[in-house]
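Based on these hints, arrange chain U on the given structure of chain C.
Respectively, the protein sequence lines represent chains C and U. Residues in the first sequence are numbered from 1 upward in steps of one, following this note's numbering. Residues in the second sequence are numbered from 1 upward in steps of one, following this note's numbering.
Be aware that a few hints might be false.
Remember, identical chains collapse to one label, so a pair may be satisfied in a single copy or spanning two.
[Claimed, not checked] Subject to a maximum C-alpha distance of 25 Å in a straight line, what follows is the list of computed DSS-like cross-link-like pairs (lysine-lysine):
1) K158 with K101
2) K202 with K22
3) K114 with K253
4) K54 with K43
5) K209 with K242
6) K202 with K147
7) K242 with K156
These aren't lab readings, by the way, just hints derived from the structure by calculation.
Take a look at the letters that make up each chain.
Number of protein chains: 2
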Amino acid sequence: MLKIFFIGSGKLNQNFANAFSKTDVEMVGVYSATVNNSLYFSKKFNISQFKDIKDIPTNCDVYFLGVNDSQISIVSQELKVNGIVIHCSGFLSKNLVSNHKNNGVFWPIQSLSKEHYANFSNVPICIEASDDFSLRILETLADKISKRPLFIDEQKRKILHVSAVFANNFTNHLFVLINEFLNGNHLEFDILMPIIQETSQKLTYLNPKLAQTGPASRNDLNTMAQHQSILSKYPELLDIYKILSKSISEHQKQ
Amino acid sequence: MLKIFFIGSGKLNQNFANAFSKTDVEMVGVYSATVNNSLYFSKKFNISQFKDIKDIPTNCDVYFLGVNDSQISIVSQELKVNGIVIHCSGFLSKNLVSNHKNNGVFWPIQSLSKEHYANFSNVPICIEASDDFSLRILETLADKISKRPLFIDEQKRKILHVSAVFANNFTNHLFVLINEFLNGNHLEFDILMPIIQETSQKLTYLNPKLAQTGPASRNDLNTMAQHQSILSKYPELLDIYKILSKSISEHQKQ
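Same shape as in the complex, but just chain C (with noise of 0.2 Å):
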């Protein structure tokens, strides 16, 4: 039975622990720097508190450092344990907790958030390591809570978090300036909801070039010239307007 300890208390380790405590993996602890946030986690999900780093059991075999990215490579020195170190990150190098000799990165492609916790058993979760044996153990956790394991260099790896912030941080935008001007008008969001759920839906079956409609596709110039009139009063919606329809009128004619 594997055992993995928690370092930090975050959304990101509370998502693992609540993925993890549904199957075999035994989870040690839980220590933070913050000694109320640990308890908490530790409550939730019936886990030890530890409140000082020096007392974390050294003999477990995966240590999840789930800290702010600014603060991984200083908690990862003053951690003296002899498991595999990993960072979750979908950005950082695994250099950051190289110092120890076993170590490696488990990032999962996913938007988490502390209301909801995710459903990992379809998401890929990038996993990298210092050694094959370090890969393995990884590669077994990974499957624990996923189908979905990914074997992703760094390089490879920056190159999916850049897309990710595209796929899920910039539409996600999109949906709040859109909020925004739909209640400023007296309108509810929620009417675009089936649209916007059929517009992912529509990526299962059809590649998103041949999915492209609206004004932008057609070189509706009349059309793309009235919207841009009533965004007039909204500059920001105005700018992006412009630019992605730009980009739309480009990438259909190709």
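Showing chain U alone in chain C's frame:
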């Protein structure tokens, strides 16, 4: 039993014919300026083909003017019938068909394709009409295929149309860009499907502003600078990255 007639045999009327074929609405026939297209349509949906616009039966309840935007008023003038004549554009005025005593607009807020016909059951259908009688008929028609008829005036319909461009056209275009970027880097778009699906699923329980994650939302200048460095060879992606990241940073501060 309501009788309807299709003028135009493109994807819009195909989607409607498919939907109404599962109801008690009688589909009287189809006319298209291109005879081969109306032949295909008439065979596919097992309804009568009319080759001359002058032969169209005058006593149907509703005529679906599913032709290109630029043709709507022209075809409307040629059409000599007694029923309600409607167009299905999200952005055009019903004045384009107001040469008919009873007229209206019937716009489903959905991105339609020929490959997979839409299930309209949850799709809002915006209806507008010249008079109360016509509005009741259009409401009855909408009820046959959807749970969400919406009584929306032209100004609000235009606001919804612009919003749908952001919600569908622009998000889909981000997927087009990522698809190319990933393929160029020997990575599969499919890896991002779970995060794309989750992004829209999350909207069902979380306000998009609260769902926002990523470097721009936490003003992580270091990661953003490195992303831009990766994108330096992709000027189009870089421009979009900058404008959307700036917009995210400003909104998350508010």
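Next on the checklist: One pair to classify: K242 and K156, alpha carbons no more than 25 Å apart. Within, between, both, or neither?
Outcome noted: between (31 Å within a copy, 22 Å between copies)
Next on the checklist: Within a copy, between copies, both or neither: which one fits K209 and K242 at a CA-CA cutoff of 25 Å?
Outcome noted: both (19 Å within a copy, 23 Å between copies)
Checklist entry - What label fits K114 with K253 when the C-alpha limit is 25 Å: within, between, both, or neither? => result between (43 Å within a copy, 20 Å between copies)
Checklist entry - Is it within a copy, between copies, both, or neither that the alpha carbon of K202 lies no farther than 25 Å from that of K22? => result between (32 Å within a copy, 22 Å between copies)
Next on the checklist: At most 25 Å between alpha carbons: which applies to K158 and K101, within, between, both or neither?
Outcome noted: within (24 Å within a copy, 61 Å between copies)
Next on the checklist: My question is about K54 and K43: at a cut-off of 25 Å on alpha-carbon distance, are they close within one copy, between copies, both, or neither?
Outcome noted: within (21 Å within a copy, 77 Å between copies)
Checklist entry - For the identical chains here, do K202 and K147 meet the 25 Å Cα criterion within one copy, between copies, both, or neither? => result both (23 Å within a copy, 21 Å between copies)
Comparing the model with each earlier hint shows no violations; every hint is respected.
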